Amino acid sequence: MDQGLRELYQEVILDHSRHPRHFGALEDATHTGEGYNPLCGDRVKIYLALDAENRIRDIAFEGKGCAISQASASMMTDMLVGRTAKEAERLMGGFLHLVKGEDPNGLAEQDRERLEVMGGISEFPMRVKCATLAWHTMKSALEGGAAAKTE
Amino acid sequence: MTAQPKLKPIPGFDPLTARKDFEILVRRVYGKPLAYLDNAASAQKPRPVLDAMYDFASGEYANVHRGVHYLSAVATERYEAARETVRRFLNAAHADEIVFTKGGTEAINLVAHSYLAPRIQPGDEIVLSVMEHHSNIVPWHFLRERYGAVLRWIDVNDDGSLDAGAVDAAIGPKTKLVSIAHMSNVLGTITPLKEIVARAHAKGVPVLADGCQGAVHLAVDVRDLNVDFYVLTGHKLYGPTGIGALYGKRAPLKSMRPFNGGGEMIREVTRDLVTYADPPARFEAGTPPIIEAVGLAAAIDYLGTLDRAAIAAHESDLLAHATEQVKELNWVRVIGEAKDKGSILSFETDGIHAHDVATILDREGVAVRAGHHCAQPLMERFGAASTTRASFALYNTREEVDVFVAALRKARSILT
Ligand SMILES: Cc1ncc(COP(=O)(O)O)c(C=O)c1O
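Protein chains in written order, with my numbering: chain A, 1 to 151; chain B, 1 to 416.
The set of hints was computed from the structure by calculation and includes no laboratory data.
Since the structure is predicted, the reported quantities are computational estimates derived from the model, not experimental observations.
Careful: at least some of the hints might be erroneous.
Keeping only pairs whose Cα atoms sit at most 30 Å apart, straight-line, the calculated BS3-like set for lysine-lysine is [claimed, not checked]:
{"hint": "1", "chain 1": "B", "residue 1": "20", "chain 2": "B", "residue 2": "32"}
{"hint": "2", "chain 1": "A", "residue 1": "100", "chain 2": "B", "residue 2": "194"}
{"hint": "3", "chain 1": "B", "residue 1": "339", "chain 2": "B", "residue 2": "327"}
{"hint": "4", "chain 1": "B", "residue 1": "194", "chain 2": "B", "residue 2": "249"}
{"hint": "5", "chain 1": "B", "residue 1": "339", "chain 2": "B", "residue 2": "254"}
{"hint": "6", "chain 1": "B", "residue 1": "194", "chain 2": "B", "residue 2": "339"}
{"hint": "7", "chain 1": "B", "residue 1": "339", "chain 2": "B", "residue 2": "32"}
{"hint": "8", "chain 1": "A", "residue 1": "64", "chain 2": "B", "residue 2": "327"}
{"hint": "9", "chain 1": "B", "residue 1": "410", "chain 2": "A", "residue 2": "100"}
{"hint": "10", "chain 1": "B", "residue 1": "203", "chain 2": "B", "residue 2": "176"}
{"hint": "11", "chain 1": "A", "residue 1": "86", "chain 2": "A", "residue 2": "64"}
{"hint": "12", "chain 1": "B", "residue 1": "20", "chain 2": "A", "residue 2": "64"}
So here's chain A without its partners, still in its complex pose:
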């Protein structure tokens, strides 16, 4: 198989897209956000439950989309449980660098390793927005603001 494709559709990613973690609604969400990719019509909804210290106690997502967007959302939710809102945003910053093929400076070694499986997307510029939709939506949920768009 094409090397780029092999990296894009790694087993970890396919596993997340077939069996997304934290999929569904969250009854006791304190924050929600909706994201939309006008390019392909994909939608995602992120639910966050923050505790008194602004720490993500629980998180979930709903939506339909391509393997990349589903895997990205699933991996994100997996990684964000227990983090503060600030940490979540820092992680997002690193992720955005990574999917553009840039150095995700400032990430803890462990986070970097987990996120690196998404690095293959940098070779597919038309698909980067699929990977970032969930993250942008998470951020807009934290900000309690308007629907996220990938444009």
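Could you slot chain B with the ligand onto chain A? The hints should help.
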């Protein structure tokens, strides 16, 4: 001064010979031979079109309708000759019924703004089909937002076909226009346009046909169709981007107010007053796409050298060949199987998103479109978030269809 070529078509059609006119088709992507199956989005350009634009720009170019000098006269003649070529292509009665626009989208917006908007009272209705391209939806939404127009939707049958009777049912006493695709860019469905026009006219309602796809694959005769407006776009017709045309019957065109204001569209301008030129100049404010108009005429002339009925047969064969193979895959759902359809194949893939399909096909050299195809109401109608679309042009081959199907199988094996 170049005369209008009066080329006779050569009977029969050989795609392999025609392919030689499209240099881009020999290129490779990711080391694989290109199989360009995204023709409904935009078609590739043959050498004669590129040559005509180059020759005109390098040998005869100046602004039109302005100078008294030699080149301006030549360029004006070429520009007006291009209009005559479009007239002939559509079999319009008069060249002044052809307005050059920058594309299909602008042509529809022109009708919405200049023809229909002044005629709309709150509650007046515009009839559309659910399979319209966004460019034949959004301009009418403008009239809904601004003037209180009501959009009435004609549904399609489950196979994607559209009954002329359904148009009848949607037309009421407040209907001001029926606006409908001649051929759907997603389903390939060819609508019974002549009958639709007859039924609409029987109720006194004019019809706009969006021929952005239809003009590519069908022989269009606007007089036989008796349609009031017909829209085409150059880049899907093997011509350049930045040019399209609106055909409008003389009477409605004459009744229309201008859209853009500027040079070339006026009769007289004073400090207090302005009077407007007659159509088509009234709607062509500013310097028009002159080189593009020459390119569009060259594309039409190019098609004129080919046997269009034989091209249509070839494209139908490609569609049948693709449909047959894709339907053997029990994880594929074809959307749009009207009896009367052009060479467009849209489908959903079980458990695989269209964008993943398109990415994998791309790496095999196969260019297809994935997404909602600017037809979200239609996607909703078929309960599909997005589809993959392969669309075939005169230069495609059965071999390319086979490469496409093999790549599709590969996508499935990678993703499931
Ligand atoms: C059916 C249909 N109508 C209208 C358009 C708009 O044409 P253009 O983008 O050239 O303005 C397209 C293609 O984009 C189309 O397929």
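Here is what the structure says about each hint:
1. About 18 Å separates the Cα atoms of residue 20 of chain B and residue 32 of chain B, which keeps this hinted pair within 30 Å; it holds.
2. In summary, the hint linking residue 100 of chain A to residue 194 of chain B is not supported, as the alpha carbons are separated by about 52 Å, beyond the 30 Å threshold.
3. Straight-line distance between C-alpha atoms of residue 339 of chain B and residue 327 of chain B comes to about 16 Å, which keeps the hinted pair within the 30 Å bound.
4. With a CA separation close to 16 Å, the supplied pair residue 194 of chain B and residue 249 of chain B stays within the 30 Å bound.
5. Between the alpha carbons of residue 339 of chain B and residue 254 of chain B the distance comes to roughly 38 Å, so the proposed pair goes past 30 Å and is violated.
6. Restraint check for residue 194 of chain B and residue 339 of chain B: the C-alpha separation of about 17 Å stays at or below 30 Å, so the hint holds.
7. Proposed proximity of residue 339 of chain B and residue 32 of chain B is contradicted: the alpha carbons are some 34 Å apart, above 30 Å.
8. Restraint check for residue 64 of chain A and residue 327 of chain B: the C-alpha separation of about 24 Å stays at or below 30 Å, so the hint holds.
9. For the hint linking residue 410 of chain B to residue 100 of chain A, the alpha-carbon distance of about 27 Å falls within 30 Å, and the restraint holds.
10. Between the alpha carbons of residue 203 of chain B and residue 176 of chain B the distance comes to roughly 10 Å, so the proposed pair stays at or under 30 Å and holds.
11. Restraint check for residue 86 of chain A and residue 64 of chain A: the C-alpha separation of about 27 Å stays at or below 30 Å, so the hint holds.
12. Distance restraint check for residue 20 of chain B and residue 64 of chain A: the Cα-Cα separation of roughly 43 Å exceeds the 30 Å cut-off, and the hinted pair is therefore not satisfied.
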